[in-house]
Amino acid sequence: MEMLTNILAATVVAGTPLLLVALGELICERSGILNLGQEGMMLMGAVAGFVAALSSGSLLVGLVAAMAAGVAMSMFFGFMAITLAANQYAAGLALTIFGTGLSAFVGAGFVGESIDGFTRVAIPVLSDIPVLGRVLFDQDPLVYVSFVACAGVAFFIRRTRGGLVLRAVGEDPDAANANGLKVQAVRYMAVAFGGGMAGLAGAYLSLAYTPMWTENMTAGRGWIALALVVFATWRPGRLLLGAYLFGAASILHLVLQGLGWNSPTELLAMLPYVVTILMLVLLSWDPARTRLNTPLSLGQPYRPSH
Amino acid sequence: MLQLERRPVDSSLMRWASPVLALVLTVITGFILFLAMGKDPVEGLRFFFITPISDLIGLAELGLKMAPLLLCAAGLTVCYRARIWNIGAEGHFLMGALGASAVAVQFVDADAFWVLPLVLLTGVLAGVLWAAIAAGLKTHLHCNEILTTIMLNYIALNFLLYAVHGPLKDPYGFGFPQSVMFGDSALLPALIPGTRLHIGLAFGLLAAVAVWVMFARSFIGFQLNVIGQDHRAADFAGFSARRLTWFAFLVGGATAGLAGASEVTGPIGQLVPQVSPGYGYTAIIVVFLGRMHALGIIAASALLALTFLGGEMLQIAMNMPKAVTGLFQGLLLFYLLTCDALIHYRVRFKRRAREANVMTPTTAAREA
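Residue numbers (our numbering), protein chains in the order written: chain D, 1 to 306; chain B, 1001 to 1368.
Note that these hints are calculated values from the structure, not bench results. Keep in mind it's a predicted model, so treat the numbers as computed, not measured. Don't take every hint at face value.
[What the hints assert, rightly or not] Listing some non-contacts, in silico: residues in chain B with all C-beta distances to chain D over 12 Å: (1) A1017; (2) F1031; (3) A1060; (4) L1205; (5) Q1270; (6) A1317.
[Stated by the list, open to error] Here are some chain B residues the structure puts well away from chain D; computed CB gaps all over 10 Å: (7) D1111; (8) I1220; (9) F1222.
[As the list claims (entries may be wrong)] For the chain B half of the interface with chain D, some residues (derived, Cβ under 8 Å), not all of them: (10) I1146; (11) G1166; (12) Y1281; (13) I1284; (14) F1288.
All C-beta atoms in this analysis are idealised placements derived from N, C-alpha and C, irrespective of residue type, glycine included.
Make the full structure from the sequences, and use the hints.
Below is the structure:
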């Protein structure tokens, strides 16, 4: 029982950065913009958060810096993909290549430094619930932030006027424009939100998950998040489930080693990526269903015609 | 305020001027970057762009780095022309290197002419098989090729790490994760005696020319172009998207696999974990910078090969982090995409609203 609780708690921790970055991408894609630069923005968030927290001594400053770095990166992408109507695939890839290089460049002097990262804060009463209490309510503060963010995104999309505008812009930018909505502005805001969340997710890695900076420490989580959004068919609730599923896959090698199952670590480290492919296979099986759920204008550049 | 105005006809001048403009902007940004870091910018740029290729050895090293980039980019060109966004060249490359090494270590003492062809062929085959996974996932299971090829890159890297830490590890390697050194019969011959430049560069140039001929002359090249430019037209013409997708992926896998095999049988001579400094990813930039044109990618691969050499040079001479390579590469792609907007748009300074109104009919008339 104790071990199950530990595994579940570790699953939530491993799933949290995925959930944070995927929530940002979900909003972004709902506006019709496909940003493949998640990996680059996460890396920039991770390095900016770490450097800022280390030099200021404040984790909160680190978080703000990480989100600012993510937003700044996303604006490069937004300028190309929205204002210049560039190919979104290419622009997103450019963002990842640039972010990978820049983060390694900025962080080169900080490799090997360590920091006192976020620690667990038990929520009174709730954390006393058997099993689930320890899994969900005895975690670091950013895990709680991810819960709130997930609920907030779900509420925003389904229940608010802003969510309606977002969906309208993503489904049919021409009609949205004809109705007086500012398509480009909405898309910029969605992209910025995506950048902020990716920065936060990066900071989770460098300030909570493993409180340090190493080159390429995201290890493909930004890409997995993109698959997650497809998996969730652009719905926040399913995103939460998916994130923990992938979280479980990424700690599976630790669990198996704990059980005395001696497999080479390199082969076990493949698991999250293999699981991602399997998930894509399962979900893409029926192309008609995927098409039905995809925001209609996803990946297509739009320029107002007047 | 700056405003973009759609050109009536895409500018063919900008199509070729944009990469040059992007390079100029990258150099300017580099200049500012060096200043900001308190380094001498002129010296920095000289170390990055000129010093590495100022002698024969340096030029040979440039060719050495060009070879894998050119091979990977040639295959990716075939994919991207057909709008198949294969990001998997890195994975194909790693599997090619792994496959070639697995065979090469079996024949360390063999002295036969067939060893090298066999080793290279295995590398090609490994790359092809790895690409076939992504092709099958796309054509039969409708999976997004961007995501599957990225995941396959990570899986390939872990396979390679497993191999050099496990089955292929040199038992007398003092615990280093690396294979035994290959025998002489498994090594590529040198292209220029006295340098490390090997025949891999010739493979790359051949591949680029082959791709050029394919798109200029062959029916399958024509089909790939059509499907890339207008999917519906290709459907009407009865071109099989499935067959073309397989073709593009397999060509991509073969060239990148050969690149991986050439790398381990060329300058390295054994399998090591860091066999690729990201050639497969850099090749993506090469393809875009080379305008998806076979001759363009030859020039682009030379430039990006230089970023690897320049990065190493700055690391040694000016104590800069090696990541400066990735930084310059990213900047270059960024500026390229930004400048590419000038192909479709021209920049206008927006005057006051009244004047803009007067101008509108004239522009409209001109466009009509």
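Next item on the list: Would you pick out the hints that fail for this structure and give their numbers low to high?
Entry: none
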